[in-house]
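Which chain is which? The protein sequence lines are A and B, in order.
The first sequence begins at 57 in the working numbering and counts up one residue at a time.
The second sequence begins at 57 in the working numbering and counts up one residue at a time.
Just so you know, these hints were derived from the structure itself, not from any lab.
Please note: incorrect hints may appear among the correct ones.
Stated by the list, open to error - Cut-off 30 Å, straight-line C-alpha distance, at most; resulting in silico cross-link-like pairs (DSS-like, lysine-lysine):
1) B:Lys113 x B:Lys77
2) B:Lys77 x B:Lys282
3) B:Lys250 x A:Lys113
4) B:Lys250 x B:Lys133
5) B:Lys77 x A:Lys170
6) A:Lys133 x B:Lys170
7) B:Lys250 x A:Lys133
8) A:Lys113 x A:Lys77
2 protein chains.
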Amino acid sequence: MGDRIIGAFTEQEEIDRTDIKSAVILLSGGMDSTTLLYKARDEGIHCHAIGFDYGQKHLKEVAAAQEIAGRLDVGYKLINLTSLHDSFLMHAASSQTNPDIDVPHGHYADDNMKVTVVPNRNMIMLSIAAAYAITIGADAVGYAAHAGDHAVYPDCRPVFIWGMSIALEHCHFSPGITLYTPFRDIGKHDIAVKGQELQVPWELTWSCYEGSDVHCGSCGTCVERKEAFHLSGIPDKTPYELIL
Amino acid sequence: MGDRIIGAFTEQEEIDRTDIKSAVILLSGGMDSTTLLYKARDEGIHCHAIGFDYGQKHLKEVAAAQEIAGRLDVGYKLINLTSLHDSFLMHAASSQTNPDIDVPHGHYADDNMKVTVVPNRNMIMLSIAAAYAITIGADAVGYAAHAGDHAVYPDCRPVFIWGMSIALEHCHFSPGITLYTPFRDIGKHDIAVKGQELQVPWELTWSCYEGSDVHCGSCGTCVERKEAFHLSGIPDKTPYELIL
């Protein structure tokens, strides 16, 4: 049992399966997931987008995702998980779902950014995306976890992706669901370069955790967004509330 | 990375961690999950029960679970996932969520029982249970997957449990969430023996997929229930609609 799967994981060409025909992509409306959607389409994968309302403060991302999916004529499925928010996420130690915890500002890799983690969010979203994939006959789910996430987000790390790959591959009748995570070993600025090549409409993407009218410019994701554009040499045309 | 985890999995004493202090138990209200709850409590684990309304035909199980949790004075959290049903599960190829597909009758290991599978149901439930566990400070989630499930349910097989164990252990900051599945290698009749020892109130448990007033006696789970009592020599006092 183990050997085959472990072998599959350590062989890069195995995990980066090129035989994916259709995929459900977690589309948050940020730079990373939008680039993932553009990349998957560029590879000839038939894409479906999925998003979630879990009572996050930055619900504005959903409107961004819908507009991006519409631009590509990709179906967008919005899943209402507000019951999870009301049931317990509003009491979680997360700035994104607990109204009593402020969104932290500063560098995205700082220790205080850990409060932005929503408990097991990615597994919940991937599990529902996989159920949706099975229902509509898609053979993969994809999310845009990248190397820059590793400092703060446990559910973006390679070991988490590895476990999820095994579980998803075996969660249903053979051949199961493939986990598509082509960005897991690269940084956000590399994603920006890739997105620029693919003509991602950056102006439609939304990163800010505050979810106000414009990007705040100083929360972790805004700082990360700025840095990604800067490091990749791509002009950052985002209107920021606070120009740092 | 891999060695440690694979080692942990193959070493039985590692996966059956005895240092679980508190756990969120998936409690469907059937024989298996009820016995799991009784077993966990018997081992001194502080238990929280969780259940799900995903629009299943056998929603009656929720009332059974609530009564069982109440009997033990264990908190029961009901998660409303009817939005998933309305969004896509009602169109899935599952007799339990699609109103156009009849619940099959016959032996639980028959091939036609595969239509009772709800796409990726266990991963969805475990992922939400883990989020709840993180929120309340519990260190494990448990579900009653057993060897008899393997014939039909992909998301009860050891390889699925293995992948989920890895993902859950790493889904959050260390030490993550432990997956508690003590029944994965034993049959339902063994669970019945265990439950009898623990004085599980069988009369409160609900197995039937039809969800009518009394157990139908001929759907897969009713047949399995009967067989478990029969094989373990425990009197089956369940009122069945159809005595086969």
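Right, here's what the structure says about each hint:
no., hint, verdict
1, B:Lys113 x B:Lys77, "violated, 34 Å"
2, B:Lys77 x B:Lys282, "violated, 34 Å"
3, B:Lys250 x A:Lys113, "violated, 47 Å"
4, B:Lys250 x B:Lys133, "holds, 25 Å"
5, B:Lys77 x A:Lys170, "holds, 25 Å"
6, A:Lys133 x B:Lys170, "holds, 27 Å"
7, B:Lys250 x A:Lys133, "violated, 44 Å"
8, A:Lys113 x A:Lys77, "violated, 34 Å"
When the structure is compared with the earlier hints, violations turn up for hints 1, 2, 3, 7, 8 and for no others.
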